[in-house]
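Colleague: Spelled out, the chains give:
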Amino acid sequence: MVLNKKKIKWIVVILSSVVFLIITVCVVIVSQKDLPNNDLKLAREALSDAKEAEADVYSESKYKQSVQIYDTAMLNWSRENDRFILVRDYSRVIGLAKKSKTIADESKDESIAKADDLSKNVDAAFVSMEKKIELYNNLFKNLPIPRSVFDAHNKSKMFFSESKIAQGNGKLKDAEILFKKAEIYANHANAAGAKMLRDYFNDYPRWKNLANDAISASRGGNKVILVDKVAHILYVYQSGKAIRSYDVEFGPNWMAHKEVAGDRATPEGNYHITSKKDGGSTGYHKAMMLDYPNAEDRAHFAQMKRQGLISRRAGIGNLIEIHGNGGRGFDWTSGCIGMRDRDIDDLFRVVGSGTRVTIVGSIESLSVITKGVDF
Amino acid sequence: MKSKLIIAIAAMGLTVLFSSCQKVPQTEIDAATAAIQEVKDAGADLYVPEAYQALVDSMKSANEKVEVAKAKWFPSYTKAKATLATVSQMAVDTKAKSEARKVELKAETTTMIGEVKALVEENKALIAKAPRGKEGREALEAIKADLAVAETTVTEVEGLLANGDLLGSNSKIKAAKEKATSIKTELEEAIAKKGGKK
Numbered sequence: 000m001v002l003n004k005k006k007i008k009w010i011v012v013i014l015s016s017v018v019f020l021i022i023t024v025c026v027v028i029v030s031q032k033d034l035p036n037n038d039l040k041l042a043r044e045a046l047s048d049a050k051e052a053e054a055d056v057y058s059e060s061k062y063k064q065s066v067q068i069y070d071t072a073m074l075n076w077s078r079e080n081d082r083f084i085l086v087r088d089y090s091r092v093i094g095l096a097k098k099s100k101t102i103a104d105e106s107k108d109e110s111i112a113k114a115d116d117l118s119k120n121v122d123a124a125f126v127s128m129e130k131k132i133e134l135y136n137n138l139f140k141n142l143p144i145p146r147s148v149f150d151a152h153n154k155s156k157m158f159f160s161e162s163k164i165a166q167g168n169g170k171l172k173d174a175e176i177l178f179k180k181a182e183i184y185a186n187h188a189n190a191a192g193a194k195m196l197r198d199y200f201n202d203y204p205r206w207k208n209l210a211n212d213a214i215s216a217s218r219g220g221n222k223v224i225l226v227d228k229v230a231h232i233l234y235v236y237q238s239g240k241a242i243r244s245y246d247v248e249f250g251p252n253w254m255a256h257k258e259v260a261g262d263r264a265t266p267e268g269n270y271h272i273t274s275k276k277d278g279g280s281t282g283y284h285k286a287m288m289l290d291y292p293n294a295e296d297r298a299h300f301a302q303m304k305r306q307g308l309i310s311r312r313a314g315i316g317n318l319i320e321i322h323g324n325g326g327r328g329f330d331w332t333s334g335c336i337g338m339r340d341r342d343i344d345d346l347f348r349v350v351g352s353g354t355r356v357t358i359v360g361s362i363e364s365l366s367v368i369t370k371g372v373d374f
Numbered sequence: 000m001k002s003k004l005i006i007a008i009a010a011m012g013l014t015v016l017f018s019s020c021q022k023v024p025q026t027e028i029d030a031a032t033a034a035i036q037e038v039k040d041a042g043a044d045l046y047v048p049e050a051y052q053a054l055v056d057s058m059k060s061a062n063e064k065v066e067v068a069k070a071k072w073f074p075s076y077t078k079a080k081a082t083l084a085t086v087s088q089m090a091v092d093t094k095a096k097s098e099a100r101k102v103e104l105k106a107e108t109t110t111m112i113g114e115v116k117a118l119v120e121e122n123k124a125l126i127a128k129a130p131r132g133k134e135g136r137e138a139l140e141a142i143k144a145d146l147a148v149a150e151t152t153v154t155e156v157e158g159l160l161a162n163g164d165l166l167g168s169n170s171k172i173k174a175a176k177e178k179a180t181s182i183k184t185e186l187e188e189a190i191a192k193k194g195g196k197k
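Protein chains in written order, with numbering that gives the first Met the number 0: chain A, 0 to 374; chain B, 0 to 197.
Keep in mind that a hint or two might mislead.
Stated by the list, open to error - Quick list of in silico lysine-lysine cross-link-like pairs, BS3-like style, CA-CA up to 25 Å:
| # | chain 1 | residue 1 | chain 2 | residue 2 |
| --- | --- | --- | --- | --- |
| 1 | A | K163 | A | K119 |
| 2 | A | K163 | B | K105 |
| 3 | B | K105 | A | K40 |
What the hints assert, rightly or not - To give an idea of the chain B side of the interface with chain A (calculated C-beta under 10 Å), a few residues:
| # | residue |
| --- | --- |
| 4 | L125 |
| 5 | I126 |
| 6 | S170 |
Treat the hints as calculated values from the structure; they're not laboratory data. This one's a predicted model, so the numbers in the text were calculated from it and none came from an experiment. No residue lacks a Cβ here, since even glycine has one placed at the ideal position from N, Cα and C.
The following block holds chain A by itself, in its conformation from the complex (with noise of 0.2 Å):
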């Protein structure tokens, strides 16, 4: 009896010695091995500031990459403690982690050069804009316009000052998606601008032979009036030179040549004053008919309904005058050529009755209107 229990307290001293010993050397060998946590650390504080730097914005594939192995890391890592302690291997998490890190580290500077380059870029990309705006406001805004062009000026200007609050907060991206938004409507609009100027100017020999036919019938001492469209100017030539020159408003649809009635054209070509209107006869302050429809508009005005181009029951329209009420700022009139109240008592007193009129869409050429600016 003595003897057993003397044996089993040997025994249990040689196993609690054995099992000391195992543990010692477990915990050695697990204390040996590197844990990844550092690295899992660094790399996910690098993914902070790389997102801080906006990585996600101007680095997105690098981030995106970055995040991802991250991520591995850390399910490699979860899965290496679910296996035994004595065969866990930590190298591959390490291994990614670092990985992780020097991705997101890359992505910040790249995401920081990017950004730098965008500024510039959305920088130079306003100065166009602005040139843009400033050929639409010099070349086409006092175009009658159709609203669509008008509408597509109008989304340009302001997705191009969203643009610019978008800079102003940092958001270079938005900026620049913004900008190009209103480079498309403002593209659209200067487009459609720039053909219905050019194909206005088709005309333009035309109107160039009246001009100077109407300048060259001045010469003998007669009073002559020839009324710019474009510009919107009335003159009154004597002599060969212009002694008088006005403002003047015409109807919405001024650009075109007047066809038929209530289409708010002005008409172009030679025409007469042929009564002169105040006090009580005009609703205009004063007024000067004009001898619209001419032999020309009549003829023009026929062949059209022959070919169909206009309805068989429109009328070619009359009452075309020059007359007062004008100087509001836009072109308001039905088709005639409003004026300045004081303008038109001026030209009241210069001009008389068979006053020859002609109207032309512009004296100037087109290079000379647009100063040579490419459109």
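Start from chain A and add chain B according to the hints.
Modeller: Okay, now just chain B, sitting in the frame of chain A:
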């Protein structure tokens, strides 16, 4: 007697050993993950991006702490649990911040819509008083076009706001307000010059 004592000590040792082996706080992890998703669904990544990013980073840190604990002989998740509790609380705070920002943006946009509408009306009245003449005519045409832009934008902004696009509507109405204000200044200056000439 001695052997009984040894067995009792060994049993106590094993009890302590196993009691220190805690389980992964999966419930807390799931709760924090769900809370973050809820915060994202509330649009926090758009309305309070910095707070949202801090929340995501904290969750990552909590996950790392869980794995650090798991890697040990005798895992203790006390630190990880504390971080997860912080994350859950941060999620609540971030969601509240996001909701507050949304309310703030909506109110700001609504106020600005009213301001722009008022400015448009003021500008229309000023246009009637503005000087004309050749230069005036051109300037007025430009101003009218600009004013039309601002007016159209207000309608667009109302539509965006109704569709819940708070950031888009806010940025658009800011642009419209800037435009309407600059038009007003331009008109007032033109009218003042005209007054000076008299």
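Colleague: Indicate, hint by hint, whether the structure satisfies it.
Modeller: Each hint, compared with the structure:
1. K163/A / K119/A: holds (13 Å)
2. K163/A / K105/B: holds (22 Å)
3. K105/B / K40/A: With a Cα-Cα distance of about 39 Å, the restraint between K105/B and K40/A is violated, given a limit of 25 Å.
4. L125: Interface hint status for L125/B: violated (13 Å vs cutoff 10 Å).
5. I126: Where the cut-off is 10 Å and the nearest Cβ of chain A is about 8 Å from I126/B, the hint holds.
6. S170: holds (6 Å)
Checked against the numbered hints above, the structure breaks hints 3, 4 and satisfies the rest.
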